[in-house]
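Colleague: Next come the chains, spelled out residue by residue.
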Amino acid sequence: MFSSTGPFAWFKWQALFADWQIFAQGFAYTLVVAFSALALALLIGIILGIASCSNIKPLELFSRIYVEFFQNTPLLIQIFFLYNGLPYAGIVLSVTTIGIIGVGMYHGAYIAEVVRSGIGSIAKGQLEAAYSQGFTYWQAMTHIILPQAKTIILPPLTMQAVNLIKNTSVLAVISGADIMFTAKSWSSSNIYYGPAYVVAGLLYFILCYPLANLAKRLEDKVNALPAEAGGKKSRLAKQDVTVGNS
Amino acid sequence: MKDIFTTANMLFVLEGLKMTLYISFVSILLSTLFGTILGVLRSLTGGIFRLLAAAYIEIVRNIPNLLWIYVIFVVFRLKSVEAGVVSFTIFTSAALGEIVRGGLNSVGAGQWEAARSQGFNTFQVLRYVILPQAFRNMIPAIVSQFVTVIKDTSFLWSVIAIQELTGKVTILMGRYFQVGQVFTLYLILALIYFVVNYTLSLLSRRLQQKLTY
Amino acid sequence: MERKGRLEMRKTVSVLLMLVMLFALVGCSGGSNGGPSGESEGDLPADLQAIVDRGVLRVGTKVDVPGFGYQNPDTNEVEGMEIDIAKALAKKLLGDESKIETQAVTAQTRGPLLDNNEVDIVIATFTITEERKLSYNFTQPYYTDEIGFLVKKAAGYKDIKDLDGKTIGVAQSATTKAALEEKAKELGISFNFSEYASYPELNAALASGRIDAFSVDKSILLGYVNETSEILDYGFKPQEYGIACKLDNKDLAKYLDDFIGEIKADGTLDSIMEKWNLK
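Respectively, the protein sequence lines represent chains A, B and C. Okay, so the first sequence: first residue is 577 according to my numbering, each after it adds one. Okay, so the second sequence: first residue is 5 according to my numbering, each after it adds one. Okay, so the third sequence: first residue is 2 according to my numbering, each after it adds one.
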């Protein structure tokens with residue numbers, strides 16, 4: 577495999593190191609898209625998450641439909657829609673914009689579920705207690721419920737950030753100039769795919785591992801909390817939202 | 005404009021759906037097994053095994069699936085479909101490993117003591133007491149992971165040319181390439197995924213309610 | 002007591018793990034037996050003999066390029082000029098044109114498929130370049146194409162210079178972009194580029210106005226002309242498609258090259274091209 581005719585031949589590595597700037601650009605591009613998409617996803621997720629616990633039927637319904645639609649269709653197809661479908665309706669967005677909007681809206685749905693479960697894990701009585709003290713719904717949410725839910729929400733939220741970063745790689749399919757695309761584009765003209773994909777994998781790992789590790793530590797912290805503070809008792813609810821899904 | 009909705013085209017797309025479901029089903033089955041092993045290793049053992057399980061999970065889940073599919077295709081000498089199954093098994097096992105770890109943590113330590121005092125050996129405790137409870141807690145996360153698998157198999161076409169659902173529909177676009185037709189085909193594609201995945205989520209909610217009450 | 006339980010747990014799990022690892026090892030050694038085993042008893046070189054012994058020629062082809070390699074939804078068969086070439090080759094080598102096994106490839110996978118011995122040859126609109134020759138053997142070209150432009154009739158473009166400053170859609174992993182950049186430099190004009198994964202998407206992008214011209218090989222453009230679009234009467238940068246095989250398979254490469262020479266000489270190639278309207 578490492579012989580002069582193999583996919584990992586030394587001259588192929590040399591070619592890659594000579595073009596390191598191309599890969600650095602891909603890395604920077606992925607960072608920009610991931611940050612912007614995360615901001616959008618958080619905005620959508622928090623609003624919809626709260627809406628889904630609002631007891632206002634139309635809001636809950638909208639939030640439900642949004643979440644079900646985005647969670648049950650592939651991101652790839654959603655991106656294709658934005659890319660090939662929207663221009664048909666006269667809206668032409670740049671690939672970067674599509675990346676931010678597409679990935680942001682998709683993960684917005686997952687974050688909404690994280691937020692919803694977090695709020696749900698706080699005892700119902702608390703909201704009623706807050707009402708009895710004259711708090712409005714919004715005040716009760718921001719002052720009483722969310723600060724408590726934060727600890728429980730944080731670990732799965734961090735995992736969502738990891739999944740979001742990984743999913744920006746979908747942009748490669750529509751030529752988004754990200755890490756994945758750079759590896760693909762660079763290696764397919766010369767077919768030096770061995771080194772290209774090893775480097776791409778490393779770059780993603782550098783971005784994702786610290787975050788995934790943080791998520792795990794935060795989660796361990798939640799588990800160590802006493803039941804009343806959302807520890808043991810909240811575990812059932814927590815399972816609703818932990819890890820995994822991209 | 006040629007008509008998209010011919011019997012031949014429908015069957016063609018159906019073939020793709022079958023492939024999508026086949027790859028998803030087999031990898032889900034295998035990953036549930038390996039994921040459980042990984043989760044148990046990571047949370048209940050020590051030393052080298054714990055380390056290996058942790059390293060496997062962390063390396064696999066911190067690199068995009070899109071890239072794994074390609075890497076596995078290149079490294080393992082497999083046919084495309086097998087490469088698809090193997091790659092999905094590899095990263096879904098890691099994801100499920102983490103879910104199982106979380107699920108095991110959710111079962112109180114007292115359960116171990118209680119079961120052992122009834123004369124169960126360690127394996128039996130795990131098999132009959134801990135895992136069933138853990139799995140019940142994990143159902144939503146696991147099913148959500150299954151949905152992810154079905155959705156992500158859509159990568160298989162553009163990376164390694166497996167003719168699953170997305171692939172078949174894209175091939176149809178080679179013949180039905182007017183904008184309106186392409187648009188229609190994308191809609192059909194999204195709809196099929198939605199129906200399959202939404203049904204799965206509904207079933208999981210039913211299952212969990214049944215087990216909880 | 003709980004701690005003791007966990008310790009025993011570890012033992013049990015360790016044993017289980019050994020079993021799994023053993024399994025994995027057996028699996029791996031079974032999988033990596035693909036190397037040459039010196040089985041050339043006949044008068045053919047080893048790499049050709051391996052195909053003859055197997056009795057089937059494994060070919061990597063496209064399945065989404067009408068005319069070259071396209072999976073026909075009506076019949077579910079892969080068809081096109083490149084498939085017919087593969088059939089002719091199977092007839093010569095194995096005495097039966099049906100002895101081919103096609104495998105769908107993408108621009109990303111055709112290289113690895115050869116490296117991994119998953120296919121014997123790739124006939125998939127694979128352009129011959131000096132850079133690629135370092136990694137694979139290519140035959141003499143069986144088809145020569147040139148880059149062209151598909152534009153909307155309504156836009157009124159007549160020449161490549163009318164496309165100055167416009168957005169050109171090209172396919173990913175194709176050699177088109179580099180060629181266009183070179184040409185633009187030569188003519189003192191500039192293009193914006195947008196890369197797409199597949200030709201249908203490129204065509205959709207043209208129709209929707211996302212790109213001003215769809216630029217790939219003319220042979221491919223032919224499949225996408227309709228009443229609202231036209232191919233500019235201008236072409237450049239001839240691209241030659243060749244059959245590729247693994248760099249180590251020198252004898253196979255020689256055999257393939259001779260084969261292309263033969264079907265060119267006896268008119269077989271011409272009739273195949275006519276059949277698929279590529280002439």
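Keep in mind that a hint or two might mislead.
Restricting the straight-line Cα-Cα distance to at most 35 Å, the calculated cross-link-like pairs of lysine-lysine (DSBU-like) are [said to hold, decoys possible]:
#	chain 1	residue 1	chain 2	residue 2
1	C	K93	B	K83
2	B	K83	C	K219
3	C	K238	C	K92
4	C	K167	B	K83
5	B	K214	A	K633
6	B	K83	A	K633
7	C	K159	B	K83
8	B	K83	C	K153
9	A	K633	A	K726
10	B	K22	C	K255
11	C	K100	B	K83
12	B	K22	C	K251
I should point out that these hints are in silico values taken from the structure, not numbers from a laboratory. Source: prediction; values computed, not measured.
Colleague: Against each hint, give a clear statement of whether it holds in the structure.
Modeller: Structure-based check of each hint:
{"no.": "1", "hint": "C:K93 with B:K83", "verdict": "holds, 26 Å"}
{"no.": "2", "hint": "B:K83 with C:K219", "verdict": "holds, 32 Å"}
{"no.": "3", "hint": "C:K238 with C:K92", "verdict": "holds, 34 Å"}
{"no.": "4", "hint": "C:K167 with B:K83", "verdict": "violated, 42 Å"}
{"no.": "5", "hint": "B:K214 with A:K633", "verdict": "holds, 26 Å"}
{"no.": "6", "hint": "B:K83 with A:K633", "verdict": "violated, 50 Å"}
{"no.": "7", "hint": "C:K159 with B:K83", "verdict": "violated, 47 Å"}
{"no.": "8", "hint": "B:K83 with C:K153", "verdict": "violated, 41 Å"}
{"no.": "9", "hint": "A:K633 with A:K726", "verdict": "holds, 25 Å"}
{"no.": "10", "hint": "B:K22 with C:K255", "verdict": "violated, 41 Å"}
{"no.": "11", "hint": "C:K100 with B:K83", "verdict": "holds, 18 Å"}
{"no.": "12", "hint": "B:K22 with C:K251", "verdict": "violated, 40 Å"}
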